[in-house]
Amino acid sequence: MMSSRDEMIKTITERTKLIDRYIDDHPECDTKMVQHAFQSGKIEAIKVYELPRSLVRLNPNNGRFKAELDIITQERKQENNPTELNPDHPDDVKTLQDMIKGEYPRSSERRRAYENLRGNIHEVAQKTGTNGQEIPGLITHDGILINGNRRWVVMEDLASTDQEKYPREPLKYDKIHVGRLKKDVDKYTLWKNEAKEQISRDSREEYDYVNSALEIKRGFELLTDQGMSKERAKVEIAKTVYGRDKKDITAYLDFLDITDLFLEYIDKEGQYTLVQEAGDDKGIVTILQDISKERMKNVRSGMEIEETDQWLKTAFAFCLFSKEKPTVKQDGTVKKLSFGHREYRQFQKKVLDPPNIRKEFFKNPGVQKIDLASTSVEDAAVFYQAVRDAQTKYDINEDINTPVSLLKRAVITLSKISQD
Numbered sequence: 129m130m131s132s133r134d135e136m137i138k139t140i141t142e143r144t145k146l147i148d149r150y151i152d153d154h155p156e157c158d159t160k161m162v163q164h165a166f167q168s169g170k171i172e173a174i175k176v177y178e179l180p181r182s183l184v185r186l187n188p189n190n191g192r193f194k195a196e197l198d199i200i201t202q203e204r205k206q207e208n209n210p211t212e213l214n215p216d217h218p219d220d221v222k223t224l225q226d227m228i229k230g231e232y233p234r235s236s237e238r239r240r241a242y243e244n245l246r247g248n249i250h251e252v253a254q255k256t257g258t259n260g261q262e263i264p265g266l267i268t269h270d271g272i273l274i275n276g277n278r279r280w281v282v283m284e285d286l287a288s289t290d291q292e293k294y295p296r297e298p299l300k301y302d303k304i305h306v307g308r309l310k311k312d313v314d315k316y317t318l319w320k321n322e323a324k325e326q327i328s329r330d331s332r333e334e335y336d337y338v339n340s341a342l343e344i345k346r347g348f349e350l351l352t353d354q355g356m357s358k359e360r361a362k363v364e365i366a367k368t369v370y371g372r373d374k375k376d377i378t379a380y381l382d383f384l385d386i387t388d389l390f391l392e393y394i395d396k397e398g399q400y401t402l403v404q405e406a407g408d409d410k411g412i413v414t415i416l417q418d419i420s421k422e423r424m425k426n427v428r429s430g431m432e433i434e435e436t437d438q439w440l441k442t443a444f445a446f447c448l449f450s451k452e453k454p455t456v457k458q459d460g461t462v463k464k465l466s467f468g469h470r471e472y473r474q475f476q477k478k479v480l481d482p483p484n485i486r487k488e489f490f491k492n493p494g495v496q497k498i499d500l501a502s503t504s505v506e507d508a509a510v511f512y513q514a515v516r517d518a519q520t521k522y523d524i525n526e527d528i529n530t531p532v533s534l535l536k537r538a539v540i541t542l543s544k545i546s547q548d
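Reminder that position 133 of the sequence shown reads as 261 in the working numbering, one-by-one numbering, no gaps.
Treat the hints as calculated values from the structure; they're not laboratory data. There may be inaccurate statements among the hints.
In silico EDC-like pairs for lysine to aspartate or glutamate, Cα to Cα no more than 20 Å straight-line [as the list claims (entries may be wrong)]:
(1) K311 / E434
(2) K345 / D302
(3) K491 / D437
(4) K375 / E392
(5) K421 / E434
(6) K451 / E172
(7) K491 / E432
(8) K345 / E284
Pairwise CB distance ranges, derived in the manner of DEER restraints [unchecked claim]:
(9) K358 / E142: 36 to 42 Å
(10) D481 / N248: 43 to 49 Å
(11) D198 / K222: 55 to 61 Å
(12) P155 / K451: 53 to 59 Å
Each residue gets a CB set at the ideal place from its N, CA and C atoms; glycine is no exception.
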């Protein structure tokens with residue numbers, strides 16, 4: 129009996145032959161257009177074909193959805209199902225489609241982006257009588273999409289949509305324009321083609337920060353696993369993603385390091401969707417970036433290990449509450465408790481930076497009892513009040529010290545004047 133892996137290899141071989149045969153039998157599918165892609169160690173102009181969508185497959189390892197794919201992989205593992213999605217299996221294709229649409233795992237921002245693309249493709253199709261595709265996708269030699277997964281799903285969607293909402297025009301959407309890479313392109317070259325298109329600063333719609341970081345790490349590990357040094361790997365990746373430099377690549381990797389530590393502290397290892405941001409929520413990523421920088425400063429300054437652990441725990445508590453958005457104060461009144469990235473910077477400045485206030489804050493019973501793996505609304509309220517109390521103490525100290533400082537400065541100035 130053939131194993132599932134052998135079946136997939138057989139399917140890949142058959143699909144490759146079908147694409148070859150279609151191109152041979154339909155010379156008109158050569159659009160006479162080209163697109164530029166990495167292969168054979170350099171960027172080359174490759175032909176763009178108009179192929180039946182039935183010959184093209186969604187990419188089960190698309191970097192745009194890495195965080196979401198990790199959730200699905202964990203669920204399949206718990207259900208004793210194969211963790212690898214099969215792009216030729218109807219149920220797995222439906223899973224990929226739902227993820228791309230933002231339906232599961234649910235993502236309002238991904239849903240909005242999908243609907244915007246859907247509307248754009250439909251509008252262009254109506255005006256031009258084409259499939260609405262303005263930019264060609266890119267496939268491997270055997271037909272897996274490197275770029276163009278959402279466009280494929282939109283066309284599938286439009287081809288089968290209720291006629292009351294959109295005219296039924298399946299023939300418009302049964303073909304897709306794609307460039308086709310050569311056979312036996314290695315994993316890193318495939319990664320370069322995806323990263324160049326999706327993470328570069330001039331990309332049409334860049335990945336969200338979390339998935340960009342995960343994709344950068346994937347390329348980084350592909351190079352270091354080949355024996356390349358970490359520093360050289362960062363430089364190499366920066367060359368691939370236009371508009372990024374080594375410093376940017378380092379920042380992505382540092383962000384993932386602190387994110388992994390945060391998820392470990394809250395007992396949610398690998399659940400990167402917890403640190404993704406909605407369109408109106410630009411907090412948790414920035415907070416984690418700030419925590420990463422401050423942590424390095426603490427290490428360089430020689431902060432004791434025990435104090436470093438306390439510092440990290442309280443910083444992560446603030447980070448966690450920024451995502452949970454608790455709404456009940458300690459006195460029971462209902463009010464949104466602000467844990468945004470601006471508030472975090474005030475927390476860092478007024479509570480975590482001053483040694484005396486920091487140490488007193490760490491001794492607060494409400495702060496000490498917080499279990500990051502199991503927080504409650506009450507914990508958030510207590511923590512919020514402790515932060516406010518510590519910040520008030522800082523402000524009082526500043527108010528006391530400011531007149532004294534001004535007086536000292538005035539005395540020094542007068543002394544200089546008298547000497548002159």
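Hints and how they fare:
1. At most 20 Å may separate the alpha-carbon atoms for a hinted pair to count; K311 and E434 exceed this at roughly 55 Å.
2. Proposed proximity of K345 and D302 is contradicted: the alpha carbons are some 35 Å apart, above 20 Å.
3. At most 20 Å may separate the alpha-carbon atoms for a hinted pair to count; K491 and D437 meet this at roughly 13 Å.
4. Between K375 and E392 the alpha-carbon distance is near 26 Å, which puts this suggested pair outside the 20 Å criterion.
5. Between K421 and E434 the CA atoms are separated by roughly 19 Å; this keeps the pair inside 20 Å, and the hint holds.
6. For the hint pairing K451 with E172, the CA-to-CA distance comes to about 44 Å; that exceeds 20 Å, so the pair is violated.
7. In summary, the hint linking K491 to E432 is supported, as the alpha carbons are separated by about 16 Å, within the 20 Å threshold.
8. For the hint pairing K345 with E284, the CA-to-CA distance comes to about 32 Å; that exceeds 20 Å, so the pair is violated.
9. Look at K358 against E142: about 41 Å separates their beta carbons, and that is inside 36 to 42 Å.
10. Against the hinted window of 43 to 49 Å, the Cβ-Cβ separation of D481 and N248 comes to about 48 Å, which satisfies the hint.
11. Between D198 and K222 the beta carbon distance is about 19 Å. The supplied range of 55 to 61 Å is therefore violated.
12. Remark: the range hint 53 to 59 Å for P155 to K451 is upheld by a beta-carbon distance near 55 Å.
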